[in-house]
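These protein sequence lines are chains B and X, in that order.
The first sequence lines up with residues 310 to 777 when you count with the working numbering.
The second sequence lines up with residues 310 to 777 when you count with the working numbering.
Just so you know, these hints were derived from the structure itself, not from any lab.
One or more of the hints may lead you astray.
Since the list can't tell identical chains apart, any single copy or any two copies may satisfy a pair.
Straight-line alpha carbon distances no greater than 27 Å define the calculated BS3-like cross-link-like pairs of lysine-lysine that follow [to be verified]:
1. Lys556 / Lys614
2. Lys575 / Lys344
3. Lys357 / Lys766
4. Lys377 / Lys329
5. Lys624 / Lys698
6. Lys343 / Lys360
7. Lys773 / Lys556
8. Lys614 / Lys578
9. Lys343 / Lys575
10. Lys477 / Lys657
11. Lys746 / Lys578
12. Lys575 / Lys698
13. Lys481 / Lys384
14. Lys678 / Lys770
15. Lys763 / Lys316
16. Lys374 / Lys575
17. Lys495 / Lys377
18. Lys481 / Lys374
19. Lys609 / Lys360
20. Lys773 / Lys329
21. Lys418 / Lys377
There are 2 protein chains.
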Amino acid sequence: METPQVKFYYKNTTAEVLGKEHGITKQQFNELAKKTEPLIKQLNNDRKAKKVRYRDLPYQTDTVKSVKKIAAGVKGCENFVVLGIGGSAMGNIALQTALNPYMYNLDEKQRKGPRLFVLDNVDPQQMRSFLDWIDGRLDRTIFNVISKSGRTAETAAQFLTICSLLEKRLGKNSLKKHIIATTDAKEGTLRKITDNFGFRNLPVPDGVGGRFSVLSAVGLLSAAVCGIDIDNLLAGAERMDKKVSQKDFYRNPAAVNAAINYHFYKRGKRISVMMPYSYALKDFADWYRQLWAESLGKVKNLSGKEVFVGPTPIKALGATDQHSQVQLYRQGPNDKLFTFLTVQDFEKDVEIGKAPAVAPELNFLSRQKFSRLLNNEKTATEYALLASKRPNLTIAFDKISPYTIGQFIYLFETTTSIAGLLFGIDAYDQPAVELGKDATLALMSSSEYADLAKKIKPVMKIDKNFII
Amino acid sequence: METPQVKFYYKNTTAEVLGKEHGITKQQFNELAKKTEPLIKQLNNDRKAKKVRYRDLPYQTDTVKSVKKIAAGVKGCENFVVLGIGGSAMGNIALQTALNPYMYNLDEKQRKGPRLFVLDNVDPQQMRSFLDWIDGRLDRTIFNVISKSGRTAETAAQFLTICSLLEKRLGKNSLKKHIIATTDAKEGTLRKITDNFGFRNLPVPDGVGGRFSVLSAVGLLSAAVCGIDIDNLLAGAERMDKKVSQKDFYRNPAAVNAAINYHFYKRGKRISVMMPYSYALKDFADWYRQLWAESLGKVKNLSGKEVFVGPTPIKALGATDQHSQVQLYRQGPNDKLFTFLTVQDFEKDVEIGKAPAVAPELNFLSRQKFSRLLNNEKTATEYALLASKRPNLTIAFDKISPYTIGQFIYLFETTTSIAGLLFGIDAYDQPAVELGKDATLALMSSSEYADLAKKIKPVMKIDKNFII
């Protein structure tokens with residue numbers, strides 16, 4: 310029996326469909342193949358040399374064992390709260406939206422695990438509302454704080470606040486029972502705290518950046534706790550690992566995907582739109598947004614030359630955004646490459662009711678399936694974009710399951726690696742984020758960053774000449 | 310006593326801050342003023358000639374009365390479900406996120422009205438999950454179907470499905486009790502159905518496009534039902550109406566905002582990022598996305614010349630997206646204009662806990678307020694963007710209230726109108742959306758659109774040569 314697949318379809322980027330002016334010709338594809346094949350080899354070699362550590366996440370049997378053990382230990386809790394931000398939150402959110410029902414948190418009949426909350430910000434109103442609700446439920450709640458270092462200001466702020474609340478309500482000894490830490494195995498602030506308090510804990514693996522960490526303990530624990538089959542998730546990633554390691558360009562979906570994105574960027578399409586026709590996949594478009602932006606948005610190439618490179622990723626949602634963005638997508642500047650995500654078999658479906666006699670113009674909907682309507686809308690949008698010569702790709706899910714989601718994650722992570730090599734940049738660092746972090750520290754503390762604080766002062770002052 | 314204001318701050322777009330190469334000089338501002346002032350006048354005249362009907366929404370006393378009456382009539386229902394999409398959903402969602410607590414649907418102590426759901430898609434899995442939950446609760450649920458015509462496929466599909474379910478569970482006569490229609494006052498499919506079944510109903514005003522309709526009955530009913538003070542919302546819009554009608558460019562925030570956006574677009578900044586530092590405002594960034602994209606993304610100017618114009622709006626969220634997008638924003642191409650939304654007084658706040666003795670490096674957070682951290686993060690990001698010469702605007706809310714939200718809505722609607730005039734395009738139509746709608750009809754029905762269906766066929770067929 311065939312297991313469900315994720316397939317990559319790229320005909321709507323070709324000159325065959327779009328014409329030479331807008332599409333990629335056979336010759337251009339062959340040039341891309343020639344340029345990309347050595348990079349596939351390089352990535353395979355780097356991977357063997359343990360320089361691309363996320364590539365080994367499908368095979369981390371020890372971590373999976375630890376995750377399952379901890380997940381089993383919190384069985385029966387009613388609320389599971391992730392404290393993290395960026396790469397320590399987005400993957401968790403995306404897995405949950407993809408693999409659990411829409412009404413999961415509201416409907417206990419529809420869930421196999423606890424309610425899940427991922428607090429990925431430090432908004433005072435949002436946090437106040439959440440704390441007011443959770444306050445009387447702390448004894449049935451587990452918190453999973455996720456940070457490699459423990460010094461990320463937002464996560465640390467959430468964590469200290471929760472510790473203080475637990476201590477106040479349930480006593481100092483309650484922390485050990487209610488907090489699980491996912492952090493560096495050896496060093497750092499959160500490691501120190503974890504060892505000091507004796508928290509149960511899981512490792513954030515070395516050499517895996519936040520945006521590549523969803524298949525590590527970072528993403529796996531909340532998934533396992535909420536009833537997601539993490540073995541199948543990793544098996545899906547393993548399945549895709551085979552595909553994307555292939556040396557032949559035309560058989561390697563990550564290579565072709567990266568090359569097409571690179572090609573269109575060079576031709577002036579600076580914007581990359583990911584548009585799932587599936588509510589379940591909407592937060593993976595958000596996850597992709599981080600993966601793509603932080604990895605490829607770089608000022609310097611590997612030779613140190615200033616390049617200011619990087620496509621801007623955008624998330625959209627079908628069919629909803631047809632009523633919001635498609636006007637621009639079709640008639641605005643032809644500066645975008647589109648990636649649709651589609652689902653062949655939704656498994657659960659709804660039948661549309663019968664049109665009333667007074668409105669026969671709605672008969673075309675009577676007794677039709679929602680799935681048919683949604684997938685036809687995708688085809689209709691695809692057709693309309695092609696009519697305006699806008700290139701588009703489709704990632705086709707046979708169905709949505711841990712196995713296909715694992716494939717999808719691994720496909721886009723390796724696509725990112727190959728795209729990084731094509732752009733000639735370091736896809737794994739994020740140097741531009743530091744200044745903002747330092748500036749926050751300067752503004753929060755009085756002493757350590759005094760010089761920087763002085764530099765920021767003029768920005769803080771509102772100049773009355775420029776306010777209306 | 311001063312009422313809370315929304316202010317527009319633009320110093321960080323000036324040459325004074327960014328230098329001549331990246332900022333707007335005094336002379337350029339004066340040129341923009343000269344170009345824009347006649348357009349302010351034109352808009353004011355068009356408004357008087359009843360050509361810009363959304364401008365009169367703050368003054369619709371009759372509609373407000375009807376909305377309040379209907380809202381009072383459904384008092385005590387437990388669930389209020391909006392069936393709509395695009396302009397008939399986004400404003401409703403944005404108002405709810407802005408003006409009601411984060412945990413509103415989950416915590417009955419935190420809400421004054423029923424739970425609110427806005428179903429703005431036709432995803433089969435999402436809909437199945439929702440229907441499974443609502444099924445046993447139909448007797449305590451009110452549905453508000455919103456569509457000017459009633460022929461929008463997604464809304465019609467939802468509506469027919471709900472009608473069928475109500476009929477099955479509660480009998481044919483239940484429809485009248487459980488459905489409220491917001492639709493054209495005189496004609497169209499939903500008007501026919503409404504009159505036939507005798508639904509309570511509210512008007513979608515003539516000449517107000519979906520994306521400009523949030524302050525009409527479209528957005529007001531769900532807001533009023535959920536306890537939002539719609540009088541103050543409209544009073545805020547009225548307050549901003551005074552500001553944005555001013556002839557003097559430098560006193561008119563909509564004019565300066567539109568001119569700055571126009572100026573940077575012409576200089577190659579094709580992307581417009583709206584980044585609220587407030588969870589409450591995050592869905593207004595989404596609402597803005599529709600307003601901006603559908604209004605300004607146009608193939609032709611008013612003289613009929615092909616221009617393919619339009620900035621691409623993006624939503625981001627502070628501080629969360631610092632850990633996702635800021636790397637690209639600072640070091641990627643300098644092709645973006647940023648608009649921050651900030652809140653001075655969050656009213657509700659949270660105190661961060663004390664750092665444990667083992668981690669003195671977190672002392673800078675101990676006993677600080679979340680509001681202080683979040684607002685310092687905004688300043689830090691602003692500073693970091695300026696260090697990379699990226700222009701940015703700030704919309705500063707004294708606090709978030711119906712009165713300031715009304716100001717914000719009206720400010721951006723009029724900004725859009727003036728930007729449309731600057732670009733020389735029709736900001737109120739959306740011709741490019743039709744082909745996709747027709748294509749959906751062609752794919753759903755067999756007869757009426759047979760020719761179009763034939764044309765779409767090649768798109769539907771998966772070509773085995775281009776799939777991996």
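Hints not upheld, ascending by number: Violated hints: 1, 3, 4, 16 and 18; rest satisfied.
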